[in-house]
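2 protein chains.
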Amino acid sequence: MAAVKAPEIITDKAQMRQWSRSMRAQGKSIGLVPTMGYLHEGHLSLIREAHKHTHLIVVSVYVNPGQFSPNEDLSTYPSDFDGDIKKIMSVPGGADVVFHPHNLYDYGESGVENEMKREKDGVIMSCVEDRGMGHETWVRVDRLEKGMCGKSRPVFFRGVATVVSKLFNIVEPDVAVFGKKDYQQWRIIRRMVRDLDFAVTVIGSEIVRGDDGLAMSSRNVHLSPNEREKALSISKSLSKAKYAAEKGQINCTELRNSVIQAIHEAGGRVDYAEIVDQESLEAVEEINVHVVFCIAAWFGKVRLIDNMEINL
Amino acid sequence: MAAVKAPEIITDKAQMRQWSRSMRAQGKSIGLVPTMGYLHEGHLSLIREAHKHTHLIVVSVYVNPGQFSPNEDLSTYPSDFDGDIKKIMSVPGGADVVFHPHNLYDYGESGVENEMKREKDGVIMSCVEDRGMGHETWVRVDRLEKGMCGKSRPVFFRGVATVVSKLFNIVEPDVAVFGKKDYQQWRIIRRMVRDLDFAVTVIGSEIVRGDDGLAMSSRNVHLSPNEREKALSISKSLSKAKYAAEKGQINCTELRNSVIQAIHEAGGRVDYAEIVDQESLEAVEEINVHVVFCIAAWFGKVRLIDNMEINL
Chain Z
1 MAAVKAPEII
11 TDKAQMRQWS
21 RSMRAQGKSI
31 GLVPTMGYLH
41 EGHLSLIREA
51 HKHTHLIVVS
61 VYVNPGQFSP
71 NEDLSTYPSD
81 FDGDIKKIMS
91 VPGGADVVFH
101 PHNLYDYGES
111 GVENEMKREK
121 DGVIMSCVED
131 RGMGHETWVR
141 VDRLEKGMCG
151 KSRPVFFRGV
161 ATVVSKLFNI
171 VEPDVAVFGK
181 KDYQQWRIIR
191 RMVRDLDFAV
201 TVIGSEIVRG
211 DDGLAMSSRN
221 VHLSPNEREK
231 ALSISKSLSK
241 AKYAAEKGQI
251 NCTELRNSVI
261 QAIHEAGGRV
271 DYAEIVDQES
281 LEAVEEINVH
291 VVFCIAAWFG
301 KVRLIDNMEI
311 NL
Chain Y
1 MAAVKAPEII
11 TDKAQMRQWS
21 RSMRAQGKSI
31 GLVPTMGYLH
41 EGHLSLIREA
51 HKHTHLIVVS
61 VYVNPGQFSP
71 NEDLSTYPSD
81 FDGDIKKIMS
91 VPGGADVVFH
101 PHNLYDYGES
111 GVENEMKREK
121 DGVIMSCVED
131 RGMGHETWVR
141 VDRLEKGMCG
151 KSRPVFFRGV
161 ATVVSKLFNI
171 VEPDVAVFGK
181 KDYQQWRIIR
191 RMVRDLDFAV
201 TVIGSEIVRG
211 DDGLAMSSRN
221 VHLSPNEREK
231 ALSISKSLSK
241 AKYAAEKGQI
251 NCTELRNSVI
261 QAIHEAGGRV
271 DYAEIVDQES
281 LEAVEEINVH
291 VVFCIAAWFG
301 KVRLIDNMEI
311 NL
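Chains as they are written, first to last, in UniProt numbering: chain Z, 1 to 312; chain Y, 1 to 312.
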């Protein structure tokens, strides 16, 4: 195997855009894989997917405070930048650039001025407001952002859509690859791209699972071996439900109950278990369209999500 | 004077972006002047301003349903496309392209599917939702959008920020010129560009007034000669207030009352009269920072806005 070159590491917004523009001027197309770092096989599969579509690959590594509430796990979100670079280089072709900004919400003087105003207002939502950053523009995808993860994490999708808009405007990619493990996120980004006319093609990449069936997630590192064993109830019960649906059980209440019960019996706490239309993400009562069965559940202090598409 | 060439008229999004990209590949910079048409001297001053900054000029002419409530004047908003082209050609250098899309919210099949969902939801806000368009992504500038025009027109700035995002993503300009007559809009667009990292420099262009002092507006055409005469109370009382401030009257309550009274006596109905910080648009009690005195008032069925910066 040919040695994979180390990616160029860029931390500055202007320099990132300059790189993209100079590459585009040379006729090269650019693929973006946005990540929050602590990469695993799931992320690497996104990089492999991106290589199918564009000449050059940018992987962004940035833990976005705009999608965390102050009471969520931003401070404990795992990171290992050196390890990430090594993992990226283990993929054939690697990446051309790793974009690793320090703070995407730092606007210098004009941000500081706003900090004082925030304290006066006393309004706090995400960690961006909580830290007194002056940022105040948010991209909202009205309907798709409301259900499922949006219900439990009200600032989450606002933060995701906003930081992806920023990354698109900085990196100016032709293609961006998102994992379908974050199914609702993937649909929201696609809708946002359509509605705001971003010149970016959004690709959804299939879920990567461990040998035991657990969907890959950076948060899995926080699971004890025992919790991980219990967490397998998510993928196992989802597979069972999918099989049952394919065999004729199309009643969603029945299917949901069986999954909720299985996770509960394994010691998990279900946040939601919903069977929704793949496009609109609206709940269905019977499976007669293309649906996706989405789960979020807590095992110990770790919240995991997973999903399976069911196309009858 | 050399004959000014007719602008190329482009109605298709993809074709518009293709034009911009091919020009950029040739090293040309692009200026955008977004308008809703029915051009007047104020708009033409924006085109003249744009010529100072870029090689090429795109003027967009599009009445944006996303910034009108169903009960506002979208249906009676004046238009004269042929006249607009002639006026653009009266400016030295004219424009290279007039971007004149039919419907920026038409997404084909995926929009139609959503229309049915909207009716189920029964949620209506702007004319975009009212007409059952599937669009659901909105750009919000949290603090700046709330006061003044945002109070009387709750969907307005959401619609403006969103359509300007769309235009930026379609036209991909280097520079965009906005009139400071719409002061709050100008500040909101600048903040949005900063917060979402758009690669666009936003220029604010000074208000253009008729010989009688009335700020130029497409809506002025709806004023009877008598109403126009009365509407002069806005610019006259603003000038008086500015003069008073410069002479030492820094109490904003006093200054506001004098303007409100003058407009009221002329037969106008004041929507708001606020003296605010030029950056944050927060109301001030005494003028000891750079402020702008902003007015909105109705004369007959016409709502007019105007403002003056006061830099003591």
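Where hints are given, some of them may not hold.
As the list makes no split between identical chains, a pair holds if one copy fits it or if it spans any two.
Unchecked claim - Computed list of lysine-lysine pairs in DSSO-like fashion (alpha-carbon distance at most 30 Å, straight line):
hint, residue 1, residue 2
1, LYS52, LYS13
2, LYS86, LYS151
3, LYS86, LYS242
4, LYS236, LYS247
5, LYS301, LYS242
6, LYS13, LYS86
7, LYS301, LYS52
8, LYS230, LYS5
9, LYS28, LYS13
10, LYS13, LYS180
11, LYS301, LYS5
12, LYS5, LYS242
Hints in this document: simulated from the structure, not taken from any laboratory.
Quick rundown of the hints versus the structure:
1. Within a single copy, LYS52 and LYS13 get their C-alpha atoms as close as 26 Å, and across copies as close as 27 Å, so both meet the 30 Å cut-off.
2. In the homo-oligomer, the alpha carbons of LYS86 and LYS151 never lie at most 30 Å apart, since the shortest distance is 36 Å inside one protomer and 53 Å across protomers.
3. For the homomeric pair LYS86 and LYS242, neither the shortest alpha-carbon distance inside one copy (37 Å) nor that between copies (63 Å) is at most 30 Å.
4. Taking the shortest alpha-carbon separations for LYS236 and LYS247, only the intra-copy value of 17 Å comes in at or below 30 Å, while the best inter-copy value is 78 Å.
5. In this assembly of identical chains, the alpha carbons of LYS301 and LYS242 lie at most 30 Å apart only when taken from the same copy (28 Å versus 60 Å across copies).
6. With identical chains, the CA atoms of LYS13 and LYS86 are at most 30 Å apart within one copy only, with a shortest distance of 23 Å there and 41 Å across copies.
7. In this assembly of identical chains, the alpha carbons of LYS301 and LYS52 never lie at most 30 Å apart, being 37 Å within a copy and 58 Å across copies at closest.
8. Proximity of LYS230 to LYS5 under the C-alpha cut-off of 30 Å is found in neither arrangement, the shortest distances being 40 Å within a copy and 72 Å between copies.
9. Taking the shortest alpha-carbon separations for LYS28 and LYS13, both the intra-copy value of 20 Å and the inter-copy value of 22 Å come in at or below 30 Å.
10. Both within a single protomer and between protomers do LYS13 and LYS180 lie at most 30 Å apart by alpha-carbon distance, with minima of 27 Å and 29 Å respectively.
11. Taking the closest pair of Cα atoms, LYS301 and LYS5 never come within 30 Å of each other, the shortest separation being 38 Å inside a single copy and 67 Å across copies.
12. In this assembly of identical chains, the alpha carbons of LYS5 and LYS242 never lie at most 30 Å apart, being 42 Å within a copy and 64 Å across copies at closest.
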